[in-house]
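Student: Go by the hints and put chain B onto chain A.
2 protein chains.
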Amino acid sequence: MTPTITAFENSPDRGQGLARDMRVRWALEEVALPYDVRLVSFAAMKAPEHRALHPFGQIPTYEEGDLVMFESGAIALHLAERHPGLLPDDATARARAITWLFAALNTVEPPILELQTAKLLEGDKSWSAQRMPLVLDRIRVRLKELCAYLGDADWLDGAFSVGDLMMVSVLLRLKPSGLLNEFPALAAYVARGEARPAYKRAFAAQLAVFTGQAAAHKE
Amino acid sequence: MTPTITAFENSPDRGQGLARDMRVRWALEEVALPYDVRLVSFAAMKAPEHRALHPFGQIPTYEEGDLVMFESGAIALHLAERHPGLLPDDATARARAITWLFAALNTVEPPILELQTAKLLEGDKSWSAQRMPLVLDRIRVRLKELCAYLGDADWLDGAFSVGDLMMVSVLLRLKPSGLLNEFPALAAYVARGEARPAYKRAFAAQLAVFTGQAAAHKE
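Chains as they are written, first to last, in our numbering: chain A, -11 to 207; chain B, -11 to 207.
In short, the hints are calculated from the structure, not lab data.
One or more of the hints may lead you astray.
Identical chains blur together in the list; that is why a pair holds if it fits in one copy or across any two.
Pairs of lysine-lysine, BS3-like flavour, derived with a Cα cap of 27 Å [claimed, not checked]:
#1 K34 <-> K188
#2 K34 <-> K107
#3 K132 <-> K34
#4 K163 <-> K132
#5 K132 <-> K107
#6 K113 <-> K188
#7 K163 <-> K188
Looking at chain A on its own, in the form it has when it is part of the complex (with noise of 0.2 Å):
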């Protein structure tokens, strides 16, 4: 049965492949799994329907048969534990790449997500210049323990992971900042993400989606 996910109908960040569904997307090119796409705009992501399969209103959702997910982490390791490419069989193995998953989401972005709320939300404000410096050294601090762990290994655990495929993700987030580029090992981890043909796939079928729509706005 093909899944169905939800993304945004026009692109807030213009195609550049940072909204959740992105994670799922490469997820499920890194399984080969087909899948359906219905886009939601701001307006229908607030309204009852939406909210029925995602409480907090936002995008992705992934609808498969009976059963209804929200969460890109959730979804990406539900993919990853049903179908081969994602995990490795070895238990411990696996249980290090889960780990992973969890620490991209909950130790790495929570501090990336305040750069965005200060630039999105409080870039007006009076404080903003000054407050800059101390979100983005609070992300330095997750970077620099980051790099180091990572060494000159090419994914986070062995091979490539769903822990891998988060932790890029998130790390994604970053390069409008620059902040990347202070750790070149990270820069070049990010960029072996990007290099993926999974990645590839899933981030021009995102691109498609506003391209579409800019095209189709000009008319």
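Tutor: This is chain B only, laid out in the frame that chain A set:
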């Protein structure tokens, strides 16, 4: 094989049970698994020996034979998948419970972490008082949505699960702020979590570390 977890030698919250070892202790108690605890000082937590277990220099860690894990979410899921008590048997219900585990950590907790950062790391800044209402309002958005979803149900999705364990743990961080009282249904939900015998045993165990240390200091 009895697993070993790490916890703070000196509880930063004076035994209120808000450190992340509490989440793992609670999960271990729910699945009735005995465990050992190794206490680490703040200095030891940042030393290479501990960072070999936890690259971000935090607690808790989880050691079980050859396996070393960190991230309370990953550890709770690991326990839930291997022992009865924290996940339903039905595959769809299981995926739903795991969705809520991620929602607790990646949708509800980030704005709550911002509040902690605002208080602990920016409480002395010139913008602190003016900024605080914005931080609190962003949490209220999530609490309102969660409250609307929960309705008059006891737990998030059927029987108590690892999703509830994590959501209650995340919401507990709001207790000092008084925010939970604005959402009586959520306050009652959290109270139901705290009333569980497994929660009480875990809470008593982490408190004993603090009271033991406090007693030792008095001598």
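Student: Next step is simple, just say for each hint if it's right about the structure.
Tutor: Here is what the structure says about each hint:
| no. | hint | result |
| --- | --- | --- |
| 1 | K34 <-> K188 | neither (30 Å within a copy, 38 Å between copies) |
| 2 | K34 <-> K107 | within (23 Å within a copy, 31 Å between copies) |
| 3 | K132 <-> K34 | between (38 Å within a copy, 13 Å between copies) |
| 4 | K163 <-> K132 | within (16 Å within a copy, 32 Å between copies) |
| 5 | K132 <-> K107 | both (22 Å within a copy, 24 Å between copies) |
| 6 | K113 <-> K188 | neither (37 Å within a copy, 44 Å between copies) |
| 7 | K163 <-> K188 | within (17 Å within a copy, 45 Å between copies) |
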